[in-house]
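> Listed here are the chains, written in short residue letters.
2 protein chains.
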Amino acid sequence: MTIEEQVLLKVKPTHEERELITEIVAKLFQKVNTAAKEFNIPEVEPKLVGSAARGTWISGTHDLDIFLSFPEDKSYDELEEYGLMIAREVAKDAEHVEERYAEHPYLNMQYLGFDVDVVPCFEVDCSSNIKSAVDRTPFHNEFVKERISGREDEVLLLKQFMKGTGVYGSELRTQGFSGYLTELLILNYGSFIEVINNACKWRPGTTIDLMSHGTVKHNEPLIVVDPTDPKRNVAAALSINRFAEFIDSCLSYTEEASMKYFFPDAQKPLDDTEVEEMINKRKSSFVAIVFPAPDIVDDILYPQLHKMENGIRGLLKEYEFSVLNSGTWAGENAVVLVELMSSELPNVKKHQGPPVWVGSHAIAFKSKYRESDDVFSFYVENGHYVADIKRKYPDAKELIENRIHTCALGKQLAMSMEQEFTILVDMEICSIKDDDFRIFLKNWSNIL
Amino acid sequence: MTIEEQVLLKVKPTHEERELITEIVAKLFQKVNTAAKEFNIPEVEPKLVGSAARGTWISGTHDLDIFLSFPEDKSYDELEEYGLMIAREVAKDAEHVEERYAEHPYLNMQYLGFDVDVVPCFEVDCSSNIKSAVDRTPFHNEFVKERISGREDEVLLLKQFMKGTGVYGSELRTQGFSGYLTELLILNYGSFIEVINNACKWRPGTTIDLMSHGTVKHNEPLIVVDPTDPKRNVAAALSINRFAEFIDSCLSYTEEASMKYFFPDAQKPLDDTEVEEMINKRKSSFVAIVFPAPDIVDDILYPQLHKMENGIRGLLKEYEFSVLNSGTWAGENAVVLVELMSSELPNVKKHQGPPVWVGSHAIAFKSKYRESDDVFSFYVENGHYVADIKRKYPDAKELIENRIHTCALGKQLAMSMEQEFTILVDMEICSIKDDDFRIFLKNWSNIL
Numbered sequence: 032m033t034i035e036e037q038v039l040l041k042v043k044p045t046h047e048e049r050e051l052i053t054e055i056v057a058k059l060f061q062k063v064n065t066a067a068k069e070f071n072i073p074e075v076e077p078k079l080v081g082s083a084a085r086g087t088w089i090s091g092t093h094d095l096d097i098f099l100s101f102p103e104d105k106s107y108d109e110l111e112e113y114g115l116m117i118a119r120e121v122a123k124d125a126e127h128v129e130e131r132y133a134e135h136p137y138l139n140m141q142y143l144g145f146d147v148d149v150v151p152c153f154e155v156d157c158s159s160n161i162k163s164a165v166d167r168t169p170f171h172n173e174f175v176k177e178r179i180s181g182r183e184d185e186v187l188l189l190k191q192f193m194k195g196t197g198v199y200g201s202e203l204r205t206q207g208f209s210g211y212l213t214e215l216l217i218l219n220y221g222s223f224i225e226v227i228n229n230a231c232k233w234r235p236g237t238t239i240d241l242m243s244h245g246t247v248k249h250n251e252p253l254i255v256v257d258p259t260d261p262k263r264n265v266a267a268a269l270s271i272n273r274f275a276e277f278i279d280s281c282l283s284y285t286e287e288a289s290m291k292y293f294f295p296d297a298q299k300p301l302d303d304t305e306v307e308e309m310i311n312k313r314k315s316s317f318v319a320i321v322f323p324a325p326d327i328v329d330d331i332l333y334p335q336l337h338k339m340e341n342g343i344r345g346l347l348k349e350y351e352f353s354v355l356n357s358g359t360w361a362g363e364n365a366v367v368l369v370e371l372m373s374s375e376l377p378n379v380k381k382h383q384g385p386p387v388w389v390g391s392h393a394i395a396f397k398s399k400y401r402e403s404d405d406v407f408s409f410y411v412e413n414g415h416y417v418a419d420i421k422r423k424y425p426d427a428k429e430l431i432e433n434r435i436h437t438c439a440l441g442k443q444l445a446m447s448m449e450q451e452f453t454i455l456v457d458m459e460i461c462s463i464k465d466d467d468f469r470i471f472l473k474n475w476s477n478i479l
Numbered sequence: 032m033t034i035e036e037q038v039l040l041k042v043k044p045t046h047e048e049r050e051l052i053t054e055i056v057a058k059l060f061q062k063v064n065t066a067a068k069e070f071n072i073p074e075v076e077p078k079l080v081g082s083a084a085r086g087t088w089i090s091g092t093h094d095l096d097i098f099l100s101f102p103e104d105k106s107y108d109e110l111e112e113y114g115l116m117i118a119r120e121v122a123k124d125a126e127h128v129e130e131r132y133a134e135h136p137y138l139n140m141q142y143l144g145f146d147v148d149v150v151p152c153f154e155v156d157c158s159s160n161i162k163s164a165v166d167r168t169p170f171h172n173e174f175v176k177e178r179i180s181g182r183e184d185e186v187l188l189l190k191q192f193m194k195g196t197g198v199y200g201s202e203l204r205t206q207g208f209s210g211y212l213t214e215l216l217i218l219n220y221g222s223f224i225e226v227i228n229n230a231c232k233w234r235p236g237t238t239i240d241l242m243s244h245g246t247v248k249h250n251e252p253l254i255v256v257d258p259t260d261p262k263r264n265v266a267a268a269l270s271i272n273r274f275a276e277f278i279d280s281c282l283s284y285t286e287e288a289s290m291k292y293f294f295p296d297a298q299k300p301l302d303d304t305e306v307e308e309m310i311n312k313r314k315s316s317f318v319a320i321v322f323p324a325p326d327i328v329d330d331i332l333y334p335q336l337h338k339m340e341n342g343i344r345g346l347l348k349e350y351e352f353s354v355l356n357s358g359t360w361a362g363e364n365a366v367v368l369v370e371l372m373s374s375e376l377p378n379v380k381k382h383q384g385p386p387v388w389v390g391s392h393a394i395a396f397k398s399k400y401r402e403s404d405d406v407f408s409f410y411v412e413n414g415h416y417v418a419d420i421k422r423k424y425p426d427a428k429e430l431i432e433n434r435i436h437t438c439a440l441g442k443q444l445a446m447s448m449e450q451e452f453t454i455l456v457d458m459e460i461c462s463i464k465d466d467d468f469r470i471f472l473k474n475w476s477n478i479l
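Going line by line, the protein sequences match chains U and B. With our numbering applied, the first sequence covers 32 to 479. With our numbering applied, the second sequence covers 32 to 479.
One should not assume that every hint holds.
Because identical chains cannot be distinguished in the list, a pair is counted as satisfied if it fits within a single copy or across any two copies.
Using 25 Å as the maximum straight-line C-alpha spacing, the simulated DSS-like pairs for lysine-lysine come out as follows [what the hints assert, rightly or not]:
1. Lys399 with Lys312
2. Lys473 with Lys421
3. Lys381 with Lys428
4. Lys248 with Lys162
5. Lys43 with Lys291
6. Lys421 with Lys442
7. Lys381 with Lys194
8. Lys262 with Lys162
9. Lys312 with Lys428
10. Lys299 with Lys314
11. Lys381 with Lys348
12. Lys312 with Lys348
Hints were generated in silico from the structure; no laboratory data involved. Given the structure is predicted, the values throughout are model-derived calculations rather than measurements.
Okay, chain U solo, but in the shape it has when bound (with noise of 0.2 Å):
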């Protein structure tokens, strides 16, 4: 058996699975339709989209997504009106119901153990007219229903791949490929191991447009025209390093394929003697911002520690630290964590003045430093005065509790920030418990 056979074998879903999902959205279409008439609004009409509806979800994954698509002539307001009336009364006999906010609210549900979003939209005449973000959604999922069959499974190969290796998923914690993108990639080159062959010959600027009606120049490392809409980049979300490390993926199956690039070995996390190992053998300093995460969706909470992540990195720069490696973890806590060459710098800093003959701001220079108490020397060098003065923070620890409040922060992470935060430098680090940071530690010993 091939390796691609043996994975399908494992992502492949079950006649079962496929019978029990079309009796589910019966019974949810049914509950949509009744509540629609019930409220006096029979034009609504349900819709199921997303992978589920093009049978391209991995087995095991149990997500729905059954939109409410209104007419074109309502309004914004009776949209979200009528929408999360009739989607509340679907959601009555749900083991769970939550309301969630993307561009408009909707509601989410756990039901018969799937887990459902139910989506109010507009029904408009095409995808580049569309009223709101998610009117979208129904064109891609026609667009890909129409193309799909029959190729189902090297979707599913192609899905697994990208889990596998860590880039699948558009959303902002990612920025990967997302379900769209992936069957775009299939229609386009045909099957799974044609992705994988072209995708080795990819570099930044590599253009993908299937109706060949492209119209807007894109600077993304990958534009995928969006065959419902000329103007849109189905990757747009897409990182310079997911799309480098697909590519790197990519070469190193082609090279010698194996199930491990779909299915990797469980981490183990690290304990404190391999944590301390991992900071002995490197002999650099690490220093971990630590604070209460906020409570917010990880859409909005990872740009914001990604912002904090390179105002904390700009920080250390402009005072002089070497940053070497960084990056960030959220779980109870968030950390942002850095590896710096060294957290202790010498007290002196040469702080180089105007050269000697420019005037009056190099006379105003000389006589600032020469008389401070926190000059080690005053010399000139290159025809420019230099101070070696005593610098402000030796410490990376002292510069961070001072100065952090001086990095531009999102707002819920200023916010906890505000709160409470502590500093951990190299072992104190172990003083974090979570096996998820353990794992996220390992970032430090992953060899590709």
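We have chain U already, so just place chain B on it with the hints.
For chain B alone, coordinates are given in the frame of chain U:
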């Protein structure tokens, strides 16, 4: 009494001193003439040049430059042979004689308390037609002698100001102002105080051309066109630092004149406790490369020391050490002293490879590093492969010990280094007890 009058009391030669010089010079001239006749070359004429000839010597400095002027039709070989023959005859009664070399050999002798150079040269018709570098001196001598009368005191003040502020001397050790240059500055600006006032407004590129006959573009910080040679910059040897330091001293002097510019307090060498204090205050790392100073003149030694200093700075930077300051010193031993942010770096070194998508070069990089034992982690960053590898030289001392031979070194220094060298770190530099070295260390706590 003004400061300037006080200075002149100390530096102006007395009547007795002048008479002594006249007497000594007459004796020497007579010896030259007698010897020339004896060797049957009566055309050779003795000339007194330099500050003694112009009345611009600092009281107490007993230097005499006697040139032996040969007719232009003599060959280089004749100049050398007869020149040295006459000089040796003149030096018969000297207390000490030494043959020295510039472009041609000459004699240096100690005679009745004077340091006398006897230098053979050609008598040429104008300064731009010289056959040997020393032939220019008689022209300089004539030019100044004809014009300086009445301003000798101004020259003395400027020379002493430059000595006191450390910028006097055009030899390669100092790279400052020559005697001829100070005389031209006085001729140009009229007086000591006018040189000081005008130098406050100097900038790199400032040009002084007494004869308005300059023909060549020069790139040095100060351009003083030689009145006897339109192509030559008399200030060519002046470094940007001596230039800037002189401007700085002039600025300070015009703000508040003081004897200390002419006669600074004698420097007290740092004792071990003070060296320790200096290092502890700065908390940087000091690394000294120490070796026996080769027995060569300063004009050869110092350029080689500076070349070595630059080579070592380059080596350290190449291996990611941050150099703060450096300097060279020579006594019995020679020292290149480097101050680093830290003499120790972490074991880990970030090694960036090519972008993932460049093909064979990327594949080669990956297969080289992912399988090496000295790789801590291998990952993708900004689309590039990056290997966090084991640093070859985490210790500056070890780096220099092992790689100093890759620095381009001057001939005599390289030979000396091959024999023996020691590397001292931090407080170990206290094993160098030399007073002058301990004064050199004061650069690290001097305030301009």
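> Determine for every hint whether it applies to the structure shown.
Consistency of the hints with the structure:
no.	hint	verdict
1	Lys399 with Lys312	between (45 Å within a copy, 21 Å between copies)
2	Lys473 with Lys421	between (38 Å within a copy, 17 Å between copies)
3	Lys381 with Lys428	both (21 Å within a copy, 23 Å between copies)
4	Lys248 with Lys162	within (23 Å within a copy, 70 Å between copies)
5	Lys43 with Lys291	within (18 Å within a copy, 91 Å between copies)
6	Lys421 with Lys442	neither (35 Å within a copy, 40 Å between copies)
7	Lys381 with Lys194	neither (49 Å within a copy, 28 Å between copies)
8	Lys262 with Lys162	within (16 Å within a copy, 79 Å between copies)
9	Lys312 with Lys428	both (22 Å within a copy, 20 Å between copies)
10	Lys299 with Lys314	within (23 Å within a copy, 41 Å between copies)
11	Lys381 with Lys348	both (15 Å within a copy, 16 Å between copies)
12	Lys312 with Lys348	both (24 Å within a copy, 23 Å between copies)
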